[in-house]
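Protein chains: 2
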Amino acid sequence: MVEEMNLRRAFTLIEPGPVVFITTYDGEKDNIMTISWTMVVDFVPKFAITTGSWNYSYASLRKQRECVIAIPTVDLIDQVVGVGTCSGDDTDKFEKFRFTPVKGKHVSAPLIKECVANIECKVVDIIKKHDIVILEGVAAYFDTSRKEKRTIHAIGDGTFVVDGRKFDRKKMMRTKWADII
Amino acid sequence: MVEEMNLRRAFTLIEPGPVVFITTYDGEKDNIMTISWTMVVDFVPKFAITTGSWNYSYASLRKQRECVIAIPTVDLIDQVVGVGTCSGDDTDKFEKFRFTPVKGKHVSAPLIKECVANIECKVVDIIKKHDIVILEGVAAYFDTSRKEKRTIHAIGDGTFVVDGRKFDRKKMMRTKWADII
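In order, the protein sequence lines correspond to chains A and B.
The opening position of the first sequence corresponds to residue 906 in our numbering, with each subsequent residue numbered one higher.
The opening position of the second sequence corresponds to residue 906 in our numbering, with each subsequent residue numbered one higher.
Misleading hints may appear alongside valid ones.
Some chain B residues near chain A, calculated using beta-carbon distances under 10 Å [as the list claims (entries may be wrong)]:
hint: 1; residue: I954
hint: 2; residue: V985
hint: 3; residue: K1076
hint: 4; residue: M1078
Some chain A residues near chain B, calculated using beta-carbon distances under 7 Å [stated by the list, open to error]:
hint: 5; residue: G922
hint: 6; residue: I940
hint: 7; residue: V945
hint: 8; residue: T955
hint: 9; residue: G957
hint: 10; residue: Y961
hint: 11; residue: V986
hint: 12; residue: F999
hint: 13; residue: E1000
hint: 14; residue: K1001
hint: 15; residue: H1058
hint: 16; residue: D1068
hint: 17; residue: G1069
For the record, the hints were derived by calculation from the structure and aren't laboratory data.
Just so you know, even glycine gets a beta-carbon here, dropped at the ideal spot from N, CA and C.
All chains should be modelled from the sequences, with the hints used to inform the complete structure.
Dropping the structure here:
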């Protein structure tokens, strides 16, 4: 079942640094890109991503000022690589990779049904000098019924590492998160 | 043995999104902060980190315009949490957490001997509007003799996930990395 998340928890989807999809809608068609260069910049939540005109999706981000961050799990690793190694310029990636677009509430870019989590985002700033786009999350969803929840992290050399064992340090870190989420 | 890395590979230390230490030297003393809000912005390498005046280290970053990104592994998880939950304002963190400062070649901020990798960095820009600091890596080191190489990823709620199994998709991704590293 897909549940809407408390927006104050959405940063926890990006803070661990998983490889993600960014979906866009350019007014005519949907597209998807794979991206690893992401960062939380505020608990609101706000996120930074590095992208520019070398990505086909960049024109949509600039024009429509909307996107969805969709978070894949390890069972989708070959789609992550596939989406990242072809271009929306000549490929319908939803069709090619058999992803199901789902209409969001606040943005025209689609959620990806097959992903464990999705964050609807507005583009709030573009820092051209550094090719950084600042996004504000406006709604977030988590598929609680999905069994596979392990995300993957790109190393950058064609290898990936999947989430392993979890460690709980909530007690030691109470001062850091108790007021936030 | 600590080996100097090809700088063109240093982005692969940050792209997977591990929690890291940032060391600074303010002209009088060394300090360390724990940070998860990092991003690669260029293969050069350039990195973005989110920080501001709420972090004691920020004054040093602004004044000295230098730092070291030191990458801890899972055996150091309690030091990661410890460093992140006290302040350099009243604590000598190298002493408290028994870390060994090592002199770098290009910056006055110290490397941390106990970390698996260290990247000497110059501050090349500060985007005050978003509390983003842009760093350029000028030298990087990897401790090849260290047995434990698994890094950790902060979720943001006091829990962490350690690196698990690795996946090799180098062949599928050759076009993406072969010219870079």
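Hint check against the structure, violated hint numbers in rising order
6, 9, 10, 12, 13, 14
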